[in-house]
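Engineer: The listed protein sequences correspond, in order, to chains A and B.
Just so you know, we're using my numbering here: the first sequence kicks off at 1 and counts up by one.
Just so you know, we're using my numbering here: the second sequence kicks off at 1 and counts up by one.
Don't read these hints as lab results, they were simulated from the structure.
Positions of the beta carbon are idealized from the N, C-alpha and C atoms, including for glycine.
You may find that some hints are simply not true.
Coverage of chain B stretches by chain A, computed from C-beta distances (three or more under 8 angstroms per stretch; other residues unrestricted) [claimed, not checked]:
1. 15-27
2. 92-98
3. 102-113
4. 197-207
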Amino acid sequence: MYNRVSGAEHSRVSGAERPEPSSTVSSSLRPPSGVRDLLPREVQRREKLEAQLTQVFRRYGYQRIITPTLERLETLLAGGSIRAESVLQLRDGEGTMLGLRPELTASIVRAAATRLAGGPLPLRLYYHGSVFRNSRREEGSYSGQEFFQSGVELIGAGGWLADAEILLLLADCIRSVGISSPVGETESSWTLLLGDVSLTESLLSTVAPTAQAAVRRAIAQLDYVYLESAPLPEAARQIGLQILELRGQPGQVLSDLARLPLPPERLRDLRQLCQVLEEHGVQVVLDLSLLQTLAYYTGIVFQAVAGGEVIALGGRYDRLHALYSPQQAEQPGIGFTLLPDTLLRLLPPDPKTEEMGCKRLVVPLVPAGIPAALALAARWREECHAYGTLTGTASLTGMEAVELELLDRAPEEIEAYARQCRIPEIAWVQADGSYHITHPGCSC
Amino acid sequence: MLDGRRDSPPITIALAKGALLPEAIQCLQQVGIDFSRFLDPGNRLLRIESPTRLNGQRYEALLVRTHDVPVYVEYGQAQLGIVGYDILRERYAGSEARVAHLLDLQFGHCRMSVALPQDSPYRSAAQLPAHARVASKFVGCAREYFDRLDLPVELISLHGSVELAPLTGMADAIVDLVATGRTLRENGLIERDCLFESTARLIAHPISYRVNQQPIRELVTQIRERWLGSLLAGG
Numbered sequence: 001m002y003n004r005v006s007g008a009e010h011s012r013v014s015g016a017e018r019p020e021p022s023s024t025v026s027s028s029l030r031p032p033s034g035v036r037d038l039l040p041r042e043v044q045r046r047e048k049l050e051a052q053l054t055q056v057f058r059r060y061g062y063q064r065i066i067t068p069t070l071e072r073l074e075t076l077l078a079g080g081s082i083r084a085e086s087v088l089q090l091r092d093g094e095g096t097m098l099g100l101r102p103e104l105t106a107s108i109v110r111a112a113a114t115r116l117a118g119g120p121l122p123l124r125l126y127y128h129g130s131v132f133r134n135s136r137r138e139e140g141s142y143s144g145q146e147f148f149q150s151g152v153e154l155i156g157a158g159g160w161l162a163d164a165e166i167l168l169l170l171a172d173c174i175r176s177v178g179i180s181s182p183v184g185e186t187e188s189s190w191t192l193l194l195g196d197v198s199l200t201e202s203l204l205s206t207v208a209p210t211a212q213a214a215v216r217r218a219i220a221q222l223d224y225v226y227l228e229s230a231p232l233p234e235a236a237r238q239i240g241l242q243i244l245e246l247r248g249q250p251g252q253v254l255s256d257l258a259r260l261p262l263p264p265e266r267l268r269d270l271r272q273l274c275q276v277l278e279e280h281g282v283q284v285v286l287d288l289s290l291l292q293t294l295a296y297y298t299g300i301v302f303q304a305v306a307g308g309e310v311i312a313l314g315g316r317y318d319r320l321h322a323l324y325s326p327q328q329a330e331q332p333g334i335g336f337t338l339l340p341d342t343l344l345r346l347l348p349p350d351p352k353t354e355e356m357g358c359k360r361l362v363v364p365l366v367p368a369g370i371p372a373a374l375a376l377a378a379r380w381r382e383e384c385h386a387y388g389t390l391t392g393t394a395s396l397t398g399m400e401a402v403e404l405e406l407l408d409r410a411p412e413e414i415e416a417y418a419r420q421c422r423i424p425e426i427a428w429v430q431a432d433g434s435y436h437i438t439h440p441g442c443s444c
Numbered sequence: 001m002l003d004g005r006r007d008s009p010p011i012t013i014a015l016a017k018g019a020l021l022p023e024a025i026q027c028l029q030q031v032g033i034d035f036s037r038f039l040d041p042g043n044r045l046l047r048i049e050s051p052t053r054l055n056g057q058r059y060e061a062l063l064v065r066t067h068d069v070p071v072y073v074e075y076g077q078a079q080l081g082i083v084g085y086d087i088l089r090e091r092y093a094g095s096e097a098r099v100a101h102l103l104d105l106q107f108g109h110c111r112m113s114v115a116l117p118q119d120s121p122y123r124s125a126a127q128l129p130a131h132a133r134v135a136s137k138f139v140g141c142a143r144e145y146f147d148r149l150d151l152p153v154e155l156i157s158l159h160g161s162v163e164l165a166p167l168t169g170m171a172d173a174i175v176d177l178v179a180t181g182r183t184l185r186e187n188g189l190i191e192r193d194c195l196f197e198s199t200a201r202l203i204a205h206p207i208s209y210r211v212n213q214q215p216i217r218e219l220v221t222q223i224r225e226r227w228l229g230s231l232l233a234g235g
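If we strip away everything but chain A, and leave its shape as in the complex, we get (with noise of 0.2 angstroms):
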């Protein structure tokens, strides 16, 4: 799913806002604008929601794909949502274009239609990975910026009973990662803005050829402005602004669309949806002017909303398929993919990731006591990792890591060290293989 970049991402990951390296450092040997590193604390959080994810990814029987960061400039192309200028691009050895994937739901859809094709249906998939964009800053220059994507896409079911698991499934993502549900406080709610292209289309269908681009770019961007004032033929004017207030309660948006000469089966479709949303507890706006500017959607499209932000958008992409199937094969496709750059960001820092470092520094008093200091090491690694093991929790969090002392340092210099690094137990390793432990206290 491709998400136009916010002026908010821009300045976030702008190098304008690092220090200015100093000046020893060769600007080769700096990162390019627009991308970073992710420190070891970041990495912890980042790492401990896309396990959040995967968690529930999987409870749905969704299986992880992994693929290439560089595809066929033309793969990612294929769809018609993607401005080439908009993708970061090389040439291989033979001259072929090539481009950093700025979405993977064309890569994934690829391999469905490749590789996975002829197997079982519907095809379930997650992934996590980075995705680039060549796009405009706030002074107007170009420049290439790396983001992080996880999400879903649904292959080989069509019907609104799949788009039920899709926005089912974003839901429960949203709620383990602790954005709680809309009843209660509006603080950290969220809600889930809901519109159908094909009934959009459908409308829109009916304004003449001519002015139909004008029109669609106003309702996308709810440009009143321009539907009220601009030279447009009535009739167009008028559907225009009309799509423009079917938004609000599904209740009465439906209500509204019941009235337009719509195909009634995909208006009953869109109502089971929007029941079973609200029997789960999911806060719905129903929004036909919700037209994203990808043109592969094909059905529902929706964004999940918190804090003013969009944390995860898709919808449903028909037609895709058979644009990568080698027979020009037809398969319903719907999927999702959430923002963790903006997940993050919104999230509040859970203090447990802060005590998620060593736990026991172990010191060889005297070279004599090296053997054993690094036999009570791998002694104390292994019955944690056993732990860890029976209990499920040890892996991801490196909660009982065991550390050993490599530089000799005096003890006070040690016990500095360990409390700087939020490190509880330290174990003196004599020569004869005897050891005490203390504890150097929290320097907080």
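Position chain B relative to chain A; hints supplied.
Structural biologist: Okay, now just chain B, sitting in the frame of chain A:
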């Protein structure tokens, strides 16, 4: 419904310092939202809350530089903003608008125009030679316009007193806002081509608007009835 809103957080409106401020405040006053404190010469506050509510909804205002109004709205720090169309055109020149245009407020009329010196051999923008120098505070709008004319020009970005550029010989033409045209005339310039006409606009953060449009829709309706209605009646 009204009771529920009493506890909801205020809706924030970004207002532009300068020429548009008195009428923006007057417009909101017509519908019962009071930010007149910003007009008090002794006021130093940049954020105030209206002592009155509209349908039980609280409103607060941020006082920012005119170019920053769309920025605060784009980032969702303000759900609404009042700003000139010229500023919006400049910010989103060559890209998609990232704010919703809700309403033309019909004040702050001006034009974005190309002006040439009286003694210039050229009578319109299209006659300018390729690579002519054009000075402007609105280089985005200017670039869009000359691109459409398929005329390559050298744009010179200035921060103010753009009329000086042709006088000193630095530029052959300027692109600037014209309200009465007096400044142009006094500096020996003639307005030749109009790029677009501008008025103040009510803009909104698209996501906030989609998620919770009801109070904003009520505000828009009120402004239509009481402010635009009174403008029509008065003029």
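Engineer: Taking the hints in turn, state whether each one holds.
Structural biologist: Results for each hint:
1. 15-27: Three-residue rule not met by the segment 15-27 of chain B, so violated; n is 0.
2. 92-98: Holds: 4 residues of the segment 92-98 of chain B have a Cβ under 8 angstroms from chain A.
3. 102-113: holds (count 3)
4. 197-207: holds (count 5)
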